[in-house]
Structures are given as structure tokens and as C-alpha cells.
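Asks: Sequences listed follow chains A and B, in order.
Each residue of the first sequence is one higher than the last, beginning at 2 in this note's numbering.
Each residue of the second sequence is one higher than the last, beginning at 22 in this note's numbering.
Worth flagging that the hints you see were computed from the coordinates, not collected in a lab.
Hints should not be assumed to be uniformly reliable.
To be verified - Examples of chain A residues lying across from chain B (beta carbon under 7 Å, computed):
#	residue
1	Asp37
2	Ala121
3	Pro195
4	Thr242
5	Glu244
6	Pro404
Ideal placement from N, C-alpha and C gives every residue a C-beta, glycine not left out.
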Amino acid sequence: MRTIAAVALLLLAPLTALAQAKPGGKIVFAARQDIDTLDPHITNRAATRKILIQFTDTLTVINPKDGKVLPGLAESWEVARDGKSYTFKLRRNVKFHDGTPFDAAAVKFTFDRIQEPLGAPGVARAFLGPYDGADVIDAHTVRIRLKQPYAPLLRMVGLSPLAPLSPTAAQKMGQDFSRKPVGTGPFMVKEWIPKSHVTLVRNPDYAWPPSIAAHRGPAHLEEITWRFVPEATTRTAVLQTGEAQISEDLSYGDVAALEKNPDVRILRGVPAGTPWTIFPNVQRFPTSEPAVRRALHHAISKDAIVRLVFHGQSQAAGSLIQPPTPGFVPVNKELFPYDPARAKKILDEAGWKPGADGIRAKDGKRLEILWIFGTNNGYEEMAPLIQAMAREVGIDIQLREQPRVQMYEAWRKGEHGIGELNWWFPDPSILTTNFHTSRLQAFNPPRLSDPEIDKLLDQAAAMVEEGPRMELYKKIQRLLVESGAGIGLVDQVTLVGTRKEVQGFAFNVVTFPVLYDVGLTR
Amino acid sequence: MPVIVGVSVVVFSIVHLLPGDPVLAILSGANATPEQERELRAQLRLDDPLPVQYLRFVTRAVVGDFGRSIFTRRPVIQEIAEQLPSTLELAATAIVIASLVGLALGLLAAVWHNTWIDRAAMLVALGGVSMPSFWLGLLLIFVFSLQLGWLPATGQGGVSRLLLPAATIGLNYSAVIARLVRSSLLEVLGNGYIETARAKGLSEWGVTLKHALGNALIPVTTIIGVQLGNLLAGTIIVETVFSRRGMGRLAVTAVLDKDYPLIQGVVLVSALGYVLTNLLVDLSYSALDPRIRHREAAQA
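The task is simple: from the sequences and hints, build the whole structure.
Replies: This is the structure in C-alpha cells:
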């Protein structure tokens, strides 16, 4: 068997050599979402971050395969024993697109700017956490001081909103920086035509790719037209016609047909972060009753959702974070297998008796749960399916669609019975965002405020040692899933289609596209 | 003018009375403290009483200053100026297509009244008006981009990229025009002077084109003007399906983001466009029917 494999490899070798990407060429990238800004410190959108990746480099790089932290613009780092300061040794001979050198002062400038951005602060400030200040030790050494220990920092500085920016350009351009920002990355922003496209051109001086990149030196592609194509069917069409060489976020239903097209290749990426998840509001009747939350979890067949909504392109969620995220532990199957009979029993025991219409009631109150779901939030097909499954065990889920802004407001007021949310995030500390008391005014859709959970989340966020830290997150996941404050449904999966002449496409840890290694074979 | 003032009041009230808070929208994700929230609210001047905000909005709007977008922080008028040409181009082409197709179908149907040609033309018109534009758009992409490979499906620039989106809107409205041309022509063809023309020995086509069409076009022109409002609404969907930039895309983003100044600017500019077109339509009557001009002159 092994010899056959070896022979096959030998035969294939010349073929793969022939298929090597040649330098040069231009591509069109069909992107799903419009961007709000190109200023990394203001943006709140994944759509913008996908472009940031192309024209910036980050201090660290997270290996998408195992979530490990690797050197990026920082060659090495040291963490103080109290976890409150991080010293980064920076790479030399790195230049911004405007020709100015990348150094410790640029890192300090960038992080200080995140605290006082030219506009409403975006995700960058949240990512930077308890930042207190930075000290320039020498031109290539910078120390980041924190108000309290913050272990996620090493992964956070691997995210593009925290990538170093040119202080010279930012100061000179002012508000215009958000139109044509300047980083150190393999591509440079040439122009942004709002609602239409962003043009990126190759940085000819680029010589500092991270170690996981497949090649050295400047990017293969000369130019990328990043076109906003909001309609999924249109993204599929332009991929088929060859108008676009790469189309992101394909609709699950289109994949089967596209796979039969010999000119198209489908790539699947599983991002670190949280699965598609619903959160029962633990402060509002009737989801305030643990029995109701537990029964609801047992009543939902995750596999049915995978089959019917995701056309088999993903898998049932194992926990409240998903597999590539460090610390992930699959607890769903053991704690909450699909079991409508058990769901009914739990409700019976809790005193919920079926009424004439099949919906249960207790003390004259019907078992009604209001699910406020967001427009275009990705749950609109799952919601009616879950509604039907809940009805089977006597729970009446009422669906109300609202624009996301209003949905978030309803959460803050606690008006919802169920909220939905999912993240792309490289660190298990995302559980803090969803479940910590301090986030009641931000996200925390279950409105959970549990001192025990808070304590464990704070502990985990402060632990510098990676091993024990992840063990703690495993414990937290089990407690959270048991409490019923979150029901992970299906793992997120990213589907990208490329024309077959496109080589070297890679996903980063949260499945954003990395185009540095991309080239065309003809 | 009263239309514009009315629209400004209505738009201002609606966006402020609806639930949803732009400050929270901007800060979502940043885990902001209540102070940061107050600070931003004051910075955006959303903490003033509503009448004060309205007066500020109106006094600035009359000189073309709609304020800055809450999200991009750029002047609203600049955001609109960037998107408007694309939509105008689309709308103008769509009107031309709608008028040509509508006129042709209506003429065919009227001249061959009560024959299979009439019924076929009206069936086509019925199809055009019944098909939602998002579906018709995808259908056109499927046929002309995917199957035939004649035209690109998305983007900007050149007639080839304009044709499919303009046809999507145009075909929708051509149906209304076709039906109107038909009924209006049939009415005119029943008049006595048409009989006279026929008696002179003119062919049926000659009668229709020379004597009937001009008079039949007056209600049609009105409808084209009125349809322009709907047409602008149609661009919202079509711009999304064909990934074109324009006012429609701008409007959708503004509404979803609750970007008050941008919504107000977009709606006011659209209302202004609507009013101007209808003025143009009114003026065009006199070109089509000299009597209208004479009557006005007599009154003056």
C-alpha cells in the first residue's frame, strides 16, 4: 500500500510542479459585505477585517491548524510573571508602505491611537483589553503594560485590528486615513470606491512574511479588485462565469451544483470561535427556569439542522466554542443528546402540563418563549425549524425579526426569551464576552450573572500558563452548557469558491482569506 | 416645495420615533461604558431635544449641508454625490428601455386589437409586471451571463455592465406603460377625427402613428413621471443583485445602520428628484399638446 502511495506521489510530483503559480496577474474577489471604514481602529465589521489582513502584518500570527501563537512582526516576546506586561522584540528592516520604518514607536503609536480613535471605537479597543500604555525600550523593543493580567493578549495582537500602522501617514492624513490606510502588509490600498470595490496592489518591497506562509518575497498577484457582491446567488454566478476568481461565503445550497463544475474548486474552512448558538434569557420567565432551558436543548436535533439548513456542509456543535479554538471540549453529546422524550419528562416533572393545543402551561401561564432574531443574522432558516422541534415537546417559540441594532437593544433591556450570536475569535476568552456579568450592557445575550462563572472566567483570563488555562476553560464550558444558558447548534463553516487556476488560497485562524500566497497558474 | 418640507418632517420624525439607537449600534462590540456612550451621544449631538435637532437639520439642509454620516464621519452630501451618478445612469437607461418596450408592445396590441398579437403582447406585459425584480434580475444573469456568456453579471462601467440591471427595472415598468399605451390609443382611435383620417385613405399604421399616438401619449408621459418614484425604489433591489453602487445600496446601509443624517439626506435628495421629474413631465405636456400651453397663456 505504502509503495503505491509513493509511486502515486512520484507521478503527481511533476504535475504539481507544472501547476505552480506564476508571479503576476490580477484577480477579482467577490466579497459578501460592504465595509464601514478601512480604519482598523474604528471598524466593527468582519468585512473590513478581511481587507485589513491583506495590507497589514500583525505582531504575532496564529497558526490556523492548531491555534498556536507564532512570531509575526514580533520575533519573540516575554511575559512578566504577574501577567501585567509583555515585552516584544521586533523584526528589523520592515517598512510601511509610505517608506517609513516599522519600529517600537510605531507599535506604541498604534496602541495609543486605538484608545483615542478618530471616531467611535471599534472592536480594536475591545481586543486590546486592559491596555495601560506602552514603553519604547529601544528602537526594536516595546513593552506593553496592562491594568490587569490579560492572557488573551498574545492572540489578540495576532488580529488585524491591532496591526501596527504608519504613525507618519496616520498623523498626516487625519480622517482620510480611513480611506487609504497605510500598514506593512503584502498589498497596499490603492483606492476604495464605496458600495463598489477596494483596489489592492502588490507591495514590491515586501520581504517579511510569517513563517507559515508558503513563499518569501512580494505577493504573486499584482492587483486584487475586492468587489462587494451582497447577493449570494450573484456571487455563485460570477464565479461560474469567471468574472470573479474567488467568491466568498457561498450559499450552502449552491455548493453541490458548483462541485460538479470542473472550473471551480470549493474550499472549506472551520473558524475558531463560537458555533451558531442560541441563548435562553436566564432572567426572564419562562427561560429563567433551568428545566425549560434543559428541555429545550434536548428537544433540538442539531443533525437535522445540519442536514436541512446547512445541506450537510457542517456538523453539530460540540460545545459553546468550536473545534479549532484552543481549549475546546465536546460536551454537548454527553450532556444534551437529542431526546424529545427526555425533554417532555423534564417539563412534566417541572409541572408544565400540556394544554388542549399541545402547548404546555403552568399556573395558568403558557410555555411561550419570544425569540427576537436579527435581520440577515444567518438564523432565519434555523429559527422556524427550531420552533417546530420545540413545539413537538410543548414549547411555543414565537419568532420576531428585528434589525440587529434593535435586537441588541432588546437584549440590554432583557426583553427577549432567546437571543442568537456567533463569533469568529481565536481565544476561548470569547466566553467572557457572552457570559460575564460585566458584559450585561454589551452582549451577554443570556443575561447571565453568576458569581461562580465570573470568578472562573476572570481566573482563566489572567492565567499566563497555557496548559492550566485551557483546562480551566474546559471546566467552564461544561458548567455553562449544563446551566442551559447557551445552546450551541451547528459549527460555523466558511465556504469559498475559487476558479481552478487559483493556487495558494489560505484561511487564517478565523477563516478570513489570506491572499499573500495566491497566484494564477495561467 | 410643500412636498419637500413635508418629506423632511416625516423622515425626521420616523427615524427618530422608531426603536433602535445609533449610538448603541456604533458601540456594539466595543463593550463601552455608559460614560463613553454619553460622550459619543454628545459628540454626535443626539442629546439635544428633537425640535432643536430638526431646526438644525433644516437650516443646514437648505444650503445643501446634510451633516455628516454617523458611521463614516464624512459629509452626507459627499456620500450621496458619490453614489448618485450611478443611480441616475441606471434610472435613465431603465426609463428608455421601459418606454421603448412599453410603446412597442402597446402599439402592437392596439393596432391588432382583439387578435392573438394583442393577447400575446398583454401576456408579456402581465409577465413583466408580475415578476419581482430580484427574480427577473437573477433570471437575466442566468441567461445572459451564465448560459450565453454575452454580458457581465456585476459591477460598473460601460454599456455592457449597465444593460442587464437597466433591463431588469425597465421590463418591470414597460408593462405598465404598454397597458396604458394600449388603452389610451384605443380610446383615441375611437374619436371622430380618426374616422376622418381613415376616410382620407390613410393606412391603419399611418392613422395610428400620425394622428392618434401624439394624443395618446399625454397620460403615458404622466405615468412615466409618476413611475420614476417606484423606479428609484426598484434600484434598491437591482443594485444589490447586480452589485452596483448607487443610492439604493446607500439607502439600505443607512437604514440598517440607523445612520440618521444619511437616511435624511438620501430621502430628501430622492424626493427632490421626484419633484423635479414631475415638473419636467408637466412642462413636456405643452410640447405634446399645444392647447395646454395656449390655455395657460390665455389665463396669464
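Asks: Next step is simple, just say for each hint if it's right about the structure.
Replies: Hints, one by one, checked against the model:
The interface hint given for Asp37 of chain A holds, since its Cβ lies 6 Å from the closest Cβ of chain B, which is under the 7 Å cut-off. Interface hint at Ala121 of chain A: satisfied, since its Cβ lies 4 Å from the closest Cβ of chain B, which is below the 7 Å cut-off. Given hint, Pro195 of chain A at the interface with chain B, holds; its Cβ is 6 Å from that chain's nearest Cβ, closer than 7 Å. Taking 7 Å as the C-beta cut-off, the interface hint given for Thr242 of chain A holds, the closest approach to chain B being about 5 Å.
Given the 7 Å rule on beta carbons, the hint for Glu244 of chain A holds: about 5 Å separates it from the nearest Cβ of chain B. Given hint, Pro404 of chain A at the interface with chain B, holds; its Cβ is 6 Å from that chain's nearest Cβ, closer than 7 Å.
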